[in-house]
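Below, each chain spelled out in residue letters.
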Amino acid sequence: MLTINNYVKAKSLEEAYELNQARNARVMGGMMWMRLGNAKVQTLIDLSNLGLDQIEETERYFKIGAMCTLRQLELHEGLREAYGDSIAESVRHIVGVQFRNQATVGGSIYGRFGFSDVLTCLLALDTFVELYDGGTIRLSEFVNHKRDKDILLSIIIRKSDRKLHYDSIRQTKTDFPVLACAVVTGPVHGKETWYFSIGARPMKAAVLEKEWEIPKDISDEQLEIYAKEAAAQFTYGTNMRGSAKYRQHLAEVLIMRAMRSILAEDK
Amino acid sequence: MEIKMMLNGKQTTTEVKADSILLDVLRDLGCHSVKCGCETTNCGLCTVWIDGKSRLSCSILAVSVDGHEITTLEGVKAEAEEFGEFLAKEGAEQCGFCSPGFIMNVLAMVRELDDPDIEEIKEYLAGNLCRCTGYMGQLRAIQKYLQFKKEVRS
Amino acid sequence: MRVVNQPIPKVDSKALVTGKGVYTDDLAPSDCLIVKILRSPHAHALIKDINVTRAQAVEGIECILTYEDCPEKRFTMAGQTYPEPSPYDRLILDQRVRFVGDAVAIVAGTSKEAVNKALKLIKVKYEILEPVLDFREAKDHPVLVHPEENWKSLVPVGADNKRNLCAHEEDSSGDIDAVLESCEYVVDRIYHTKANQQAMMETFRTYTYMDAYGRLNIVSSTQVPFHVRRILANALDVPKSKIRVIKPRIGGGFGAKQTVVTEVYPALVTWKTGKPAKIIYTREESFIASSPRHEMEIHVRVGADKDGIIKGIDVYTLSNTGAFGEHGPTTVGLSGHKSIPLYGKAEAYRFVYDVVYTNVMSAGAYRGYGATQGIFAVESAVNELAAKMGTDPVALREKNIVREGQVMPAYYGETANSCALDRCLQRAKEMIGWDEKYPCRDMGNGKVRSVGVAMAMQGSGISAVDTASVGIKVNDDGFYSLMIGATDMGTGCDTILAQMAAECLDCEMEDIIVHGVDTDASPYDCGSYASSTTYVTGMAVVRTCEKLREKICERGAAYLGCSVEDVEFDGKQVINLKNGESISRVDIGNQVMCNNEEALYASEAFSSPVSPPPFMVGMAEVEIDKVTGQLELLDYVAVVDCGTVVNPNLARLQTEGGIAQGIGMALYEDIVYNSKGKNFSNSFMQYKIPTRLDVGMIRVEFESSYEPTGPFGAKSIGEIVINTPPPAISNAVQNATGVIVRELPITSEKIYWGMHGQNV
Chain B
1 MLTINNYVKA KSLEEAYELN QARNARVMGG MMWMRLGNAK VQTLIDLSNL GLDQIEETER
61 YFKIGAMCTL RQLELHEGLR EAYGDSIAES VRHIVGVQFR NQATVGGSIY GRFGFSDVLT
121 CLLALDTFVE LYDGGTIRLS EFVNHKRDKD ILLSIIIRKS DRKLHYDSIR QTKTDFPVLA
181 CAVVTGPVHG KETWYFSIGA RPMKAAVLEK EWEIPKDISD EQLEIYAKEA AAQFTYGTNM
241 RGSAKYRQHL AEVLIMRAMR SILAEDK
Chain R
1 MEIKMMLNGK QTTTEVKADS ILLDVLRDLG CHSVKCGCET TNCGLCTVWI DGKSRLSCSI
61 LAVSVDGHEI TTLEGVKAEA EEFGEFLAKE GAEQCGFCSP GFIMNVLAMV RELDDPDIEE
121 IKEYLAGNLC RCTGYMGQLR AIQKYLQFKK EVRS
Chain V
1 MRVVNQPIPK VDSKALVTGK GVYTDDLAPS DCLIVKILRS PHAHALIKDI NVTRAQAVEG
61 IECILTYEDC PEKRFTMAGQ TYPEPSPYDR LILDQRVRFV GDAVAIVAGT SKEAVNKALK
121 LIKVKYEILE PVLDFREAKD HPVLVHPEEN WKSLVPVGAD NKRNLCAHEE DSSGDIDAVL
181 ESCEYVVDRI YHTKANQQAM METFRTYTYM DAYGRLNIVS STQVPFHVRR ILANALDVPK
241 SKIRVIKPRI GGGFGAKQTV VTEVYPALVT WKTGKPAKII YTREESFIAS SPRHEMEIHV
301 RVGADKDGII KGIDVYTLSN TGAFGEHGPT TVGLSGHKSI PLYGKAEAYR FVYDVVYTNV
361 MSAGAYRGYG ATQGIFAVES AVNELAAKMG TDPVALREKN IVREGQVMPA YYGETANSCA
421 LDRCLQRAKE MIGWDEKYPC RDMGNGKVRS VGVAMAMQGS GISAVDTASV GIKVNDDGFY
481 SLMIGATDMG TGCDTILAQM AAECLDCEME DIIVHGVDTD ASPYDCGSYA SSTTYVTGMA
541 VVRTCEKLRE KICERGAAYL GCSVEDVEFD GKQVINLKNG ESISRVDIGN QVMCNNEEAL
601 YASEAFSSPV SPPPFMVGMA EVEIDKVTGQ LELLDYVAVV DCGTVVNPNL ARLQTEGGIA
661 QGIGMALYED IVYNSKGKNF SNSFMQYKIP TRLDVGMIRV EFESSYEPTG PFGAKSIGEI
721 VINTPPPAIS NAVQNATGVI VRELPITSEK IYWGMHGQNV
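Chains as they are written, first to last, in full-length UniProt numbering: chain B, 1 to 267; chain R, 1 to 154; chain V, 1 to 760.
Honestly, the hints are just simulated from the structure, not real lab data. Be aware that one or more of the hints could be misleading.
BS3-like mimics (lysine-lysine), calculated; alpha carbons at most 25 Å apart, straight line [what the hints assert, rightly or not]:
no. : chain 1 : residue 1 : chain 2 : residue 2
1   : V       : K120      : R       : K17
2   : R       : K53       : V       : K20
3   : V       : K676      : V       : K162
4   : B       : K40       : V       : K20
5   : R       : K89       : R       : K122
From chain V, some residues computed to sit far from chain R (all C-beta separations above 10 Å) [said to hold, decoys possible]:
no. : residue
6   : A57
7   : L133
8   : E202
9   : G308
10  : V465
11  : K578
12  : E656
13  : F680
14  : G754
Note that the structure is a prediction, hence the values are computed from the model and not measured. The beta-carbon is built from N, C-alpha and C at its ideal position, and this holds for glycine as well.
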């Protein structure tokens, strides 16, 4: 059972950061996951008064405050305009509306959970995290950092001409995914580049980058070769929800379907 | 620690610990409609509104709602009775244990979605588990309730 | 009929939909000691030492009880009529722990925090023993789950604790081997159903207190208040007269609460300390130390002649009762006795079973009670037979189903006096569009749609065992108190029994009050299980009403000063048919409260020598992604023959709910243990019951027969409704892909591997 001795609603980022340096201090997100554990927390730091619950959109980026809920992400018009239904698709299967009104984007990303749809999705985009002490770094780098005492302030998605497709396979509709897959494509330094992010392998999401020029009218057989090559570059594991071999097969299928869907888009 | 909240329209002050869970505090304050079904955010039985939004009180620290507005089924009695009548007409409350959390989320849905279709209803309420009804009777009740509300409006 | 067969809302609905505090935990006094259980981390071990000194010193701890504080008298937690077929194999706490999660110590204190702290400070030394985890190897395993000498079986069920055997029986009619030998087509297959959780929304819970008479009062979320009284008397080794059990509103049961899961713990605390105590199981405890469905492996041989007449069915069931024998000897019987009789033309059958002990959580009663498992196996085998013969599985059934008036040898020789199974099959076929959709349609987008079929039966109470009594009294102003011992667990029996009484007494629903069960005040009823309440308690209501009408006529005649032969009671008044004089029920009710020596009260009991089966047909339509094996349930139709439908709304809800549970069993639900016996499926995060997005559309209709022995022609509805989804969905998968999944749940991955020629 989670025990907490002291709760502080931080008045400033400085205060939050200072408090968090103590060994048994923890920063609170939506309390979805921490509540399930047996942590003995000396000081719990609540960031909810620090204005981190907004999604800011500029011409160049989206800046998603760490305390934004998954529901905000799901309903955000700007994100929908930029990426179609894919961002919403990456969260709408998560438990239920009440859960998504509560779980934070920061908590999902900071947790670096294997099952995370949000991480899988954002990893495929041109995404950065803003840390209080560590500055702004790529999400793909942050994912592999050890947990430390820094504080995650926001997630920044750099706008560019990229298309996103997200899909997942689940047993019940609101379960953790058996496999999650995000595919992004767009020109990078003048070259058509594909990003493949596979999550719930069941290990945490990882991203793969490929400079592939693929014609829109590519045959299914040809596309399958690409999909298999991409899927083969991830490792997979077995747990209650699926075997490694089945997961790899699903990755091939979801990657291929995502590529086909992106290629079929007008633009 | 002392927290102040607007509970069902009444300014309420209560003493809680840093790790007190809102669900327990609400029950201790006499809001018996709030039920615990799972402790792991999966069942929706503990649904209450915080500042008007459906949330899971099993995973909210009571201290964190200091200064906020909390609504339980006791706070929307008239609406609960109105919708509850549709539910009862289908026999769809069955054991009734999931009804309060379910009704809270139905009423939140009615406020948030304009004329939802079956798929939208199912998706909005997916976080409310029920083991008795197979969900179909609840769906019939909601559809009839929405129709009734539409007729009342026009 | 005026009241029966009407969709009347439940009498307690208003309280439920407004969230009134009517459940066990809502009613518990605030000064209850909080009771929690220390649980074994080992699947099999002996406790060498328990040190509670430090735990005892935690502020607020009232008592810590270990096996040394418990009576040495074994009992069963199964809520069954005495003498229970389930063996007496339990102590409240035992020195030997038999599964991961078994109770080691009981801790009671003034707060949750204190109790949690104390739990961590108890030091236990275990001698770890080899566990028996594979139920296929349990029989005659060198390791015994119950080696103890004081293990006891009260009923000859073939149990032998020195062989890890909880029950064994062989039953047959005709020469099954010769009949199958003569068959043109024979299917010989093994099916495996897993343990499943009832997962009612309200977990197990009980509170206890001593009353002014020095008696132990138990308020509990239970389906079996009278059995609780006896079981607690056995467990605590106190006279039954010392115990009173009260059942408030219950948040679902589905059989889970036919086992005394939590009652013993606070009862022992209160008995020892004199203080009120309560235990509320967490969802995790409800998943790791409860009373799930028996895992079964069922070997079926079914044979048909060249014309497609099913000639013989041979069933062997191996059932896993886990660490204790609750409901072990009885659930297994239904796996054959409620599957084989569906086929009326079989000339021979054989049904043999073994029930074994293992070191996993004890199984218990779950809606369907063994029939669910047996029907999955037999119906799947019949579907495989149809495939082998190249026949439509519906057509095969049309040829073979049991029909009204037939004797059912495998159903204890009972006759199907009411049976509309043929009409159910016909109607279900129309509803789903079977002829257009069978076997499958390629949708052209990588997906294939198909349909599948299964039938089911159950019983209506346990014949010659289940007993219900009912009391009705006339109060002032003539309103009636209906006193029942049957336990409404959300299903609505308080309502439907009142409907029957209102029908019999020619009055309105509002004229009758019903209340929850109190063993001190309610007439005896074995409780709500075995699909007994509508049928058995319903008949007791009918009889009681008949008696009460006679008494009302007698009182009325006396007040009118005429002979009882000359009066008639029309529900509102007693009328002297000779002169038209009358006295109202209101006046009679008021007059019997003054200067009266005849209590205006009737009480009758009922027990049935037969258990008339309800029948049903379920058909599923699914869509399968040929590339991933992903299955989407589109539509489920069910047509039920439960005799007369007492309350169409509540019967429909029962059916829809049971089907959703069956869908969960078919597709998602699985209790997974690791190699050391630890249960991974310990939360709703890991044990996935269907959400409203997972059940497709469920459509229900009724095709009623008339059961001559039932109240208003009614049979049961509660359990049968869970039985068809696993075999019907499996059949749909078979018809779509040719893949036959013989082990539940039918996951997409199993379908995928099946399509790729690998065993599933």
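Hint by hint, here is what the structure shows:
With a CA separation close to 21 Å, the supplied pair K120/V and K17/R stays within the 25 Å bound. Straight-line distance between C-alpha atoms of K53/R and K20/V comes to about 22 Å, which keeps the hinted pair within the 25 Å bound. Only pairs whose Cα atoms come within 25 Å are accepted, and K676/V paired with K162/V is accepted, the gap being roughly 23 Å. Restraint check: the Cα-Cα separation between K40/B and K20/V comes to about 36 Å, which exceeds 25 Å; the hinted pair is violated.
Restraint check: the Cα-Cα separation between K89/R and K122/R comes to about 20 Å, which is no more than 25 Å; the hinted pair holds. The claim that A57/V lies off the interface holds: its Cβ sits roughly 22 Å from the closest Cβ of chain R, which is beyond the 10 Å cut-off. With a least CB separation of 26 Å from chain R, L133/V remains clear of the 10 Å interface cut-off, as annotated. The non-interface label for E202/V is inconsistent with chain R: the shortest C-beta to C-beta separation is roughly 5 Å, within 10 Å.
G308/V, annotated as away from the interface, keeps every beta carbon of chain R farther than 10 Å; the closest lies near 34 Å. The Cβ of V465/V sits about 26 Å from the closest Cβ of chain R, beyond the 10 Å cut-off, so the non-interface label holds. Separation of K578/V from chain R is adequate, the least Cβ-Cβ distance of about 45 Å exceeding the 10 Å criterion. With 10 Å as the threshold on Cβ separation, the claim that E656/V sits away from chain R is violated: the shortest Cβ distance comes to roughly 3 Å.
With a cut of 10 Å on Cβ distances, F680/V stays outside the contact zone with chain R, its closest approach being about 14 Å. Every CB of chain R lies more than 10 Å from the CB of G754/V, the least distance being 28 Å, so the non-interface label holds.
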